[in-house]
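Read top to bottom, the protein sequences are chains A and B.
Just so you know, the first sequence maps onto residues 1 to 411 in my numbering.
Just so you know, the second sequence maps onto residues 1 to 236 in my numbering.
In case anyone wonders, no lab produced these hints; they're calculated from the structure.
Keep in mind it's a predicted model, so treat the numbers as computed, not measured.
Any given hint could be a false lead.
[Unchecked claim] To give an idea of the chain B side of the interface with chain A (calculated C-beta under 8 Å), a few residues: (1) L86; (2) F95; (3) F99; (4) L101; (5) Y116; (6) G118; (7) A122; (8) Q126.
Even for Gly, the Cβ is constructed at its ideal location relative to N, Cα and C.
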Amino acid sequence: MDQAYEHRPDDVDAMAPSRLRVPDIVRVATTGMQARKARAALSVLGIAIGIASLVGVLGLSESSKSDLIDQLDALGTDLLTITPGQGFGAGDGSLPDTATQMIDRVPTVTEVATVADLPIDVYRNDLIPAEQTGALTVRATDPDLLATLNGGIAEGSFLGEAGSIYPTATLGSVAAERLGVSDLEDQPVVLVGEEWVQVVGVLEPFPLAPDLDRSVFIGHNAAVDHLLDGDDVAASSIYVRVDPQYLAATRDILPATADPENPEEVEVTRPSDVIEAQAAAESAFTSLFLGLGLVALVVGGIGIANVMVIGVIERRGEIGLRRAIGATRRHIRIQFLAESLLMGLVGGMVGVGLGCAATAAYAASQQWRVIIPPVAIGGGMLAALLIGGIAGLYPAMRASRLAPTEALRAD
Amino acid sequence: MAASAPPALELTKVSKHYGGSPPVVALDEVSVAVDPGEMVAVVGPSGSGKSTMLNMMGSLDRPTSGSVSIEGIDTTELDDDRLTALRGRRIGFVFQRFFLLAGVSATDNVANGLLYTGTPLAKRRQAATASLEQVGLGHRLEHVPSELSGGETQRVAVARALVHNPALILADEPTGNLDSRSSAAVMALFQKLNEQGRTIVIITHDPAIAESLPRQIRVLDGRVEHDSRTARTVLS
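Here chain A stands alone, though its shape is the one from the complex (with noise of 0.2 Å):
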């Protein structure tokens, strides 16, 4: 065991510099977190809340944005609606029985559809009061508005027969549910006006024209012959599909198509434009969350770097050890700023995971595909460094210039 201590002074240069491998640096800068792992986890921690808010409010964002490009994609953003202005001019608030056909002349249009409301109420029964309107509308159109507006049919068909001169009644998805019409199996009947009408068809919702599913459809010659007495009926509105080419050009001309005479009383709107105001208004959300949590990694940030002042100050005895067993102050540099890069990826690591589940979760529950930007995942492990690095080099730099002596004082 007495082993005879020989004097080698050749065999290692007394001058050669310090080092220290790169696998020490990792060792190194996790012996302060292995002695305060409390300490160490909670500051953790913060960077992971701001991580895992920022990963899951992009991934929110981009899932529901997505859902929402879904259903534009799947509606279109061709469609136009073209109605009679609310302006004050020499119009008459009604667009001219010519509009259809003028409209169907363009040749950029692919599909036109017309609607007319009728002034007529309809109820369940006849033994409603009659100002239990239900809030419901009877509207003549004609058999390409299904085709127009993507619609679909729940239950039955559309207008019935195409050409049938009967009226029959097709119901959209409110007004279905406020006449009690639940199937057709009992060949149900809404009482239109003076008449009883035969319920054939209840629609899908239309997402592009909401306010049509408090509709009961009739056919537009039908409706003129039996519920009108023969007058026909101005058009309330037109739906039309526009080759997606000429969309702002043919936007243009349709008010004087619709109207040679008073073109300025002609409106014409896309209603695709409601679902991606949704999504921009969607996305100023976003920006918000966003921003609280950027805060949120700043205060875990600020955290860090707290917790790292008291610890260069607490351990102010191992670094004059190191000073004293050959670390240069490079050393003790990089061994805090390794250690608060190491906390940062922790806590990224960990951000990321919480906010790709948070993302997840939500996104299942409201049937949307789950979709993580993979900048969101990059981005928020590079922000997680890049705040533990900044949290370390103020402690790196305090620890590195603390002489040895002062941090081997006994005191």
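On the provided structure of chain A, position chain B as indicated by the hints.
What follows is chain B alone, placed relative to chain A:
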């Protein structure tokens, strides 16, 4: 020892002043040489400047004036990194407060003595095991500091000071926190290391420990008051 061998340590007219007005003179033109293989006690009351002297000897701090040579290398001209490398490679330090990392095994604490030499972990641990066996703690390799007695803790610290096989060991109050039995064991260990040929300088305020060593240097008010080797008493 070859006659041409330079002193293990040589302080030439070393002064250390600390700022303030008036400045505090911690060391006042102290000249001391320690030859290879010597075992020296530096004694003096607190505030006498003996800790400052150890800081100078260990190149932990630079003198205000004068020069310090370690194994014949003049430290005056060395930059901080080279000075750090010199003390890291040539000196083993033992402190009153041990400075072991909590929650880290004895082996890894000792292996840390080689951390900044760029030695891979496996080799460091190998050297640490040998070093711990040398201080009689071969049965405590995996124990963490909280599982060790005070005397064992200080022997782990000595093992760490030995792990890079330095010729010079500087100990600052190594028995200051120990009971008398542990003190005796630690002093016996230093004795053994000295017999192996290592130069050992121990700072202590305990006269009994100082008397047990071959040479005593008494420090008072920043000056060497008495050096038993030169048998010279400087009266102030």
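Tell me the numbers of any earlier hints that the structure contravenes, in ascending order. Those not satisfied are hints 7 and 8.
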